[in-house]
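Line order of the protein sequences matches chains A and B.
So the first sequence is residues 1 to 296, counted in the working numbering.
So the second sequence is residues 1 to 577, counted in the working numbering.
In short, the hints are calculated from the structure, not lab data.
Predicted model only: the values in this text are computed from it and were never measured.
Lysine-lysine pairs mimicking BS3-like chemistry, simulated, CA-CA at most 25 Å apart: (1) A:Lys-3 x B:Lys-271; (2) A:Lys-42 x B:Lys-194; (3) B:Lys-416 x B:Lys-372; (4) A:Lys-251 x B:Lys-354; (5) A:Lys-29 x B:Lys-210.
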Amino acid sequence: MSKFEILKKEEFVPNFYKLDIAVPGIAKKAKAGQFILVMVDKQSEKIPLTILDWDEEKGTISFIVQELGLSTSKMAFMEEGDSFYSIVGPLGEPAYLENFGTVVLGGGCYGVGAVFPIAKGLKALGNYVITIIEAKNENLLYYEEEYKTVSDEVILVTTDGSKGERGHIYDVLDNMIEVQKRKIDHIKVIGCNVMMSKVSKLTKEKGAIPTYATVTTIMVDGTGMCGSCRLSYDGKTKFACVDGPEFDAHKIDWDELIHVRNTSYITEETLGLQNFSPECRSLAKYQERTKEEEAS
Amino acid sequence: MKSKERMQIPFTDMPTQPPQVRAKNFREVPYGYSEEMAIQEANRCLNCKKPKCVEGCPVRVPIPEFISLVQEGKFLEAAWKIKERNVLPAVCGRVCPQETQCEAQCIRGKKGRSVGIGNLERFVADYERLSGHIPEPIRVSKNGKKVAIVGSGPSGLTTAGDLILQGYEVTVYEAFHLGGGVLVYGIPEFRLPKSVVQFEIQNLENAGVKFVYDSVIGRIRGIDELFTEDGYDAVYVGVGAGLPVFMNIPGENLQGVYSANEYLTRSNLMKAYLYPEYNTPLLTGKNVVVVGGGNVAMDSARTALRLDADNVYIVYRRSREQMPARLEEVHHAEEEGIQFRLLSNPVEIMGDEKGRIESIRCQRYELGEPDKSGRARPVPIEGDYFVLNSDLIIIAIGNKANPLITMTTPDLEVNKWGNIVTDELGRTSKPFVYAGGDIVTGAATVISAMGAGRRAAMAIHEDLFPTTEVKTEGFTIPKETLEIKHAAIYPKTVYLRLNLINSSEKELDQVKIRISHVHDFFETTMFETTIPRWSPGEEHEFDCPRIDKNEKEYLITINDLHGKIMSKIIVAEEVKR
Ligand SMILES: Cc1cc2nc3c(=O)[nH]c(=O)nc-3n(C[C@H](O)[C@H](O)[C@H](O)COP(=O)(O)OP(=O)(O)OC[C@H]3O[C@@H](n4cnc5c(N)ncnc54)[C@H](O)[C@@H]3O)c2cc1C
Ligand code: SF4
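Here chain B stands alone, though its shape is the one from the complex:
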C-alpha cells in the first residue's frame, strides 16, 4: 500500500456501549476493535523511518514493528513484539495517556488524527489473551539470588517479570488480598476489567513469581528483616502513592465525605458495587460532588453515576484543557452526563445536626498569569460563590507518599514530600534497596511506574552480578564483553566506538545499541541500532545527533539476544575530547 492510500484511511473509532446504557452498568465501556477494524487502523500507519511515536513511549514499545504485524494479520506475533518491551499491554492500551505520549508524537497527528496506537495495543493484547496461545513461560536456570518486591502495582509487577526471566527467585509482598495495586483498587471495572489484571498476575505466577498477600511490609516485616531473616539479596519498593490529600476546609470530616481512595477501594477492591452480595457498605448519593480533575476524579464520578446518582458534578479549579485526566475519560464522562463545574473550588462543606452533609459552597475562579509550569494560574474571584446541594462528596485532589515504609526504615532517604530519593535506575540511599513508581515520582502513570520498575530490574542485575570494570574517559564499562574504545559527547553528536573482546571468543547475535537521554526519570531514545552479528575483535562506531543540546546525561544500553550486556550513564562534563 502506498503512503498516499494510507493517508486516505479515516480513523477507526472503537465501538462503545451507548452512554445511557453504560451509565447504569459496570461493564467495560469500549467493546474493542474487530480484526477488520484493527487491520484498517493499522493500515493508517506510515511505518516511518524515524518513528517519533516510540520516543513518546516511556518504555519504548516497538510501535511501527508491531503495527506492521497487525497490517499482515499476524496478531499474536504483534502481541509478542510489544511484550518484548511492555509486559502489561492489555492494561496500557486501556489506561496510558496516549494523547500526551506515543500518539502525541505520531506524524499523522500533525494533520488529523494520529494512529490509534493504544487501541491497537489493546486489541492485540486482548487477541492473545482470548486466543489461549500464550507462549510457555521461558524457564531459565536459577541464578541463586533472591529478590523481594514490595507492592504488586504495575511497577512491582514489571520488576518481578523482568527479574524472573533473568533467573532470580522473586517474591512479591502485597498488603491487600489481591494483586495489581491501583489497577485493582483504584481503576474501576468499566475502564479496566479486573479479569485482565488477574490474567497478567496469573502469567507471572506461571513464570515462577511468588505472591504473598495480606503482608504489610514495615509491620509484619521490616525492610532490614527481608535481608537478615529472609535472606533476600535485593528489595524493590513499589508501594505507590497511597496517602489521600484532603482540602483542609471546614466540614471535611462530616458523614458523606470520602477520599477517592476510600470510595474507589470500597467499590472496586471490596466490590461494594455488588452490595449486599458483597458485604462492604458504600454510601450512595443522589447529588454527588467530586472534587478534582484527574483520572481519579473521573473514575469516582462515573462510579457514583453507576451507583444511581441523579446528578454528578465535577468541581475543578482550572479549565477543561488543563485537566490532567486522559482525554478519552473526560469525553466518556461528558457523554454519560457528568456535569462539570470548572474554574471552581470548594471552600466549605455544610451539614445537618446529625453530622451528615447537605451542601458544599464553592468559589468561582478565573484564569490569570501563567505560573511556573506555564499553565495559566487560577485565581479566585472575590465574593463570587455558589452552593451545590449534595449528599455525597468525594475528594480526588491527589495522593502523597504513604509514610509506612519510610517511617519504619529511617535510613531510606526521602525528599520533603516524603517520596523516596533514587538515582536514574532506582537505587535508593540504602544498599541493595531500590524504589520506583508513584512512591518515587508522586502520583503519575501506570506506564511510568512500569518504566521505573524495568530500570530498577536493570540496576538490581548490574549490582548483584557486577562485571569487571575499567575506567575510560570518566565512565566505567564492563571488561569482558564489550569495550568502549572511545566515547565522547560533542556539541552536536554523541560518539561511541565499541570493540568486542568477549573472552569466550563467541560472536554475539543481534546486538542492540541504544543511546538515550534521561530526564526526570523518563528515558527518551535518541538512537537505536541493531548489529546482526558481531565477531570478536570487531569494532563498530556510532555517531548520533544530539537532539537537545542542554541534555548532559546519556544512557547507553547494550542488549544481545540473551539480555542486557550493560547500561551506563555518561555525563557530558566528565567526558573530554
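Isolated chain A, as found in the complex:
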C-alpha cells in the first residue's frame, strides 16, 4: 500500500463518500475529535476533515466527504488505488471526554459521521449516550446501524419528516428538556455552525447545560501559523486548529463566526468549481489533463 492510498471507497448515500486511507502514523495517534488536512493533488487547497475512525493495526484511517466544493468533488472522482498528495494530522486537541453521566450528541451534515468516534469514546467511558442525527431527508441519513453499537438511544430527525422525527436537533433537544424533563449532564454537537449556534442558544437559556461544539472554520496550515481559523471566544481570539476544534459553545461568538469568518470565499470557491469540468470523471483523467496542460 502506498502513501496516502485509498484502500476503500463507499458512496453510502448520494454525494457522501467514506474513504479508508493508508496512513499508519495517524492511525496510531488519532483520538476522537481530531481532524486531518488533506490536499488531493499538488494544485489543491488544504481542507480540514474530521477523522471518523481509525485502525491502528491495519494502519488506516477513515473519513467521510460530502461532495460540495472543488476539493471534495475531486475526491468524489478518486478511486480505490489512487493516492492523495498530502495528508497532515492528527490535528487539533482531542474532544473533552470523561464519564459525564448522560450525554446527548447531535450530528448534522458532515457531523452525522463525525460524532461517531466521540460516541464510541463516551460509551467506552461508561456514559449513557443519546445520539441524535439530523439530515434533510431520509436519503441523506447514514450510519444508523453503526450508531446503535455505540449509543444507548439513537434518535433520527429529518427536516421533511421522511424518517424519524420531523424538525431539527434543537427541536428534539427542546422536547427532551422541556417536555420529557430529562436530566442531561453534557451535550456535544458537530455540524454546520448555524445548527450548533441554535443548540447553544437553547441550552444556554435552559439552565446552561454544558454544551461543547466542534467548529468548522477555514484552515490553511492547521498548526496555528496562519490564523485563518480564528474566532472570538470569551472575548479573546482563539485558533480552532490548535486551541480547538471543540469549544465551550456558550462562549463562542456565533454571529461573527457564521456571518463573517466563514463566508469569505464564496465567490472564489464557485469559480474554482466551474473551472473543474465535470467531464473528467476520474482522477486519472483529471491528472492527465493537468499534465497535458503543463506540457503545452
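Based on the hints, put chain B with the ligands in the right spot on chain A.
Relative to chain A, chain B with the ligands alone:
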C-alpha cells in the same frame, strides 16, 4: 591592482526589471550580475588585512577570500569558499540584511558605498547552481547516531547539513508538504525564487538527509517518542516563530482581514497567485492596507500590488528610518508605487452589514523621547485621525512563538514570551534536545537562524561524542588532542597557550584557532589564525586584544581539516591569573 585604482571603481548596480513591469508579475526583481559586473564589483574590495566585514556576518563567511577568487574569475571556487561557512549562499545573498551586517562594517562604506557583498554572494552561488558543477557530496562513514530535526526552515536545514557531513543519520520532519520554512511559505517568488530553495533541499537529499513531510511533531509524534520509539539520539527544534500577532482592535475578525502569514502562505506555498490553476482562493483587493514596517509587510504589500491592487498602503507606527525591513525591499516597494503612511497606527476597522471590511481608521503619531532601545518612541497625536477606504487589510506586525511543541513537551523550558530557553550552543533544558532560530530568538533573520543551527550542530556533536576532559583554570578541555596549557582573560587581552598531545602521534593540518565573543546568540570573531602544520608536543601561544572590555564570555573554537576538535566557552570571572 593598486588600492587607489580600486577606490576609483564605482558601485555596480544590479540590473532589475523596470518597476512598472515587475509590479504586474511574480518574476524575480533583480536579474543578477553578469560575469563582468561581478569582477568589476569584486575589484572594489581592498582585501583588508583585518576584514571588518567578516565580523559583521553572523556565520563568518570568509568574505575577502571569496571576493579575491571572484576577482580572478574563479567563480566556482568562490562559491565553494563561501560554502565552507554558509550552506545557503544563494538564499543569503538575496535576503540577508547586508546593510546592518557584513556591508555595514565594510571599510569602503565609510566613504561612499560598501562592496556589494550580498550581490557577489548571490552571483557566485547562482553561477555554481547554473553551471551544474556541483561537487559530489562527501560520503562520510556513518557514526551510528541518529538525529531528528523538527522544522525545515533555514535553521533546521543548516543543522541537517552540518550533521550529515559528520556521519549522522539525519531526518527532517516538516509540517508542510514542502521544505524551506519561511523561505517557501513567507518570502515571495519575486524576491526568492522557489527553485533556488528546492535546489538546496535537493542537495541535502543527495547528501543523505531524509525529509519526512506532512508531519507535525507534537501531534503525530511527541519529542519524547522521537527518542523512545524512533530511537533518535538527539532532536533539534527549529520550528520558527509561527503564531501571528493581531492588533486587538475592533473589526479585526471582519471578512477581508488577513494575517500576513495567511496571506503569504496562501499566495506562496499554496500558489494562490496562480488561481484558479491552483485551487487555493485568496481575496484580492483594489485598495489594500498593510500594517507593519518589516520585510513581512513589504512582501505582503508587493504581493497585493502584483495581484492587481490599484492602491497599496503601508501603515507603520514609526518613521522610515526605523523600519526594520531590508533597505533594498523598502526601496523596491517605493519604486513600484507602494504608498507609505508612516507615523500612523490603525485604531479601528469598519465593515458593512455583510461583515466585509470597508475602511480603516488610523491615528497619526509623532516621534517623542528615545525609548530603551534608543529609538525615538512614537507617541499618538490626540484627536488626529484619518480614514483609508480599504477592501483588504493585511496585518504584519510580527509573530510570536508557536506553542505546539512546547505545549506538548512540558519539560522544555520557555521564557515568558513562549520562546524556548537555550544556552549559547542551543542546548535546552531537556537533555539531548536542542533548539535554535526564530523559536528561540523570536522573529529574526535567515542568517541568524542558520548561525543557531550551526552552533547546535556543534553542541550535538560535542554531547554525543564527548571527549575525555580535564579541568584547567575554570574550564574544561578535551584531553587527547589539544591541551590548553594556559588560558586567561587579562584586562586588555585574551591569552591562550595550546599543546598538541595527540595520542595517535599524528600531526594536525591546517588547524584553525578562533576566539570570539558571544553576545545575544551572535558570535563575533575577535581573532582567527591558521597553523598550517602542528606536530605533537609542539606548543603555540595566542594573545588577542579584547575589543569590548565588558565582554566576559569568550568562545574558543578549534578546527582542523577534518572538522571541529573542540569549542569551549570561557568566562572572565572564572579565570584567574
Ligand atoms: C514574509 C517574511 C519575509 C522575511 N524576509 C526576511 C529577509 O528578507 N531576510 C531575513 O534575513 N529574514 C527574513 N525573514 C525572517 C526569516 O525568514 C526567519 O527569521 C527565518 O526563516 C527563521 O528560520 P527558522 O528555521 O527558525 O524557522 P522557519 O523558517 O519559520 O521554519 C520553521 C519550519 O518548521 C515547521 N514547523 C513548525 N512547527 C512544526 C512542527 N510542530 N513539526 C514539524 N514542523 C514544524 C514550519 O512549517 C516551518 O517550515 C522573513 C520572514 C517572513 C515571514
Ligand atoms: S551570509 Fe549574509 S551577512 Fe554573511 S556575508 Fe553573506 S550576505 Fe553578508
